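Assemble the whole structure, with the sequences as input and the hints as a guide.
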Amino acid sequence: MKRTTTLQLFTVLLILVVLIWLLERRSPVQFPKPERLIPFNIDEIVTLGFEKDSIKIKCSRIGMQWRIVSPVNARADAGMIMSDLHTLEMLKVDEVITESQLKRRGLTLKDYGLVPPRARITLGTRKEFIDILVGDSSPVGDSVYVNIKGLADVIATSRVLLDVIPASPEVIRERLLLDSGPERISGIEIHRAGLPVLSIERLNDRWQLKQPFVAPANHERVSQLLEFLYELRIEKFIWDPPVSIKEKERDDVQMKQSLLSKFQLTKEQAPLRILLQETGKSTPREIITGKNVENAPETVYIRLSDEPSIYSVGSYFVSALSSLCDNVAEKRLFPVKADEIIRVSFRMGDSKFVLLKDKTWNIVEPVKYNADIDAVNKLLEDIVSLQAVSVSSCAKTNLPFQGLNQQCMLVEMNWLDFSGKDIPATNAIKFVFSPWNKEKKQSWAVLIPETSSVVFDVSQVLSGTGDT
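Residue numbers (the working numbering): 736 to 1203.
Because the hints were derived from the structure by calculation, they are not lab data. Given the structure is predicted, the values throughout are model-derived calculations rather than measurements. It cannot be assumed that every hint is accurate.
[Unchecked claim] Lysine to any residue pairs mimicking SDA-like chemistry, simulated, CA-CA at most 20 Å apart:
(1) Lys845 to Gly885
(2) Lys1165 to Gln943
(3) Lys791 to Pro976
Below, the structure is given as structure tokens:
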């Protein structure tokens, strides 16, 4: 009896031992584990850090913009940062090796390359943060071992994690020279060595040339100019000031001034300066271009007035910008739509002919009469399609204003401007056309604003008209 009882107890004990052994030997994938490696959503993340070898990078989000705050203070490529965060958000936990399993196997975090870690990724929200320590790649499969700092478990996740870690700050720096967007610009001023200042201003959604003479600017050309500037990409990051060690600040200022002079980036030396005035800001942002980079003549030095860093961009920038500037004046004599015109007047000597639109078109001078609508529409379409060969100031063409005599024709137009208004404004434009010069085969149209006169070369337009 005692022997039977003892045997039964021994059997029960053996069964318990086997059960305990089986429970402890279960595969790690059978333990409850989080599905995602990152415990929060990427839109909550406001700080991001990377460490690998001797490289330490810290980033911070302000609004929707990301900045690198260490080892340099610079704009980060927000698109690249968000792509990396999406990659991290999608990472799954493939396997968990618990602390007890590590002990039983006689292993530690060091055996998985986690002490010291191969790399580190830090993610932070406004409430919490995590450190992801990155270790060795798994010998089988496409996994890498990681550890959440403060926990004892080893986690296996996709090797894609390694692609997120930048080799240097330059990899995630913003390469576009300018941020924001061209739609905020209300004024442009361009200084080129040996050439007149080019100044353009936005007035009621229309671009107006202010210097070297006053005239309408070509909207499409100005848009191309702004798009060109806002698509300009940095080729190389030449110099950045340190973000710490205040004792060196004075030396940094002296170093920067020395570099600015060396690279011809001072305002006095610069061969090209571009001032961009943003709506709502009192001070324009300035792009300052210097000389060609030594040993890299295909690039030039460049900097921004509100950023301490020095960069380089492709030297094509200078010639391409000059080409855009040379043709920024509106070559259309009447840059309006035919259906916006409400009055047009022609005068030569004592003769005058006036058309006025009041629901329909009427002749009001020299006599009042109903106008032929089709003929008027054809006339207006011809007028608004007039385009000059070139545009310049009177002084440049040496065309004396008093030379516009009684044989000249004065054309005056009024139109409604609906741009950005509930109630349209009435605008006016006035031109004096010189008679066709048979010998020189030339004809000019002179714009007469309040402040100055601009000359349009309309020789090709009127070349076949003879004396009419």
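Hints, verified against the model:
no.	hint	result
1	Lys845 to Gly885	holds (15 Å)
2	Lys1165 to Gln943	holds (16 Å)
3	Lys791 to Pro976	holds (16 Å)
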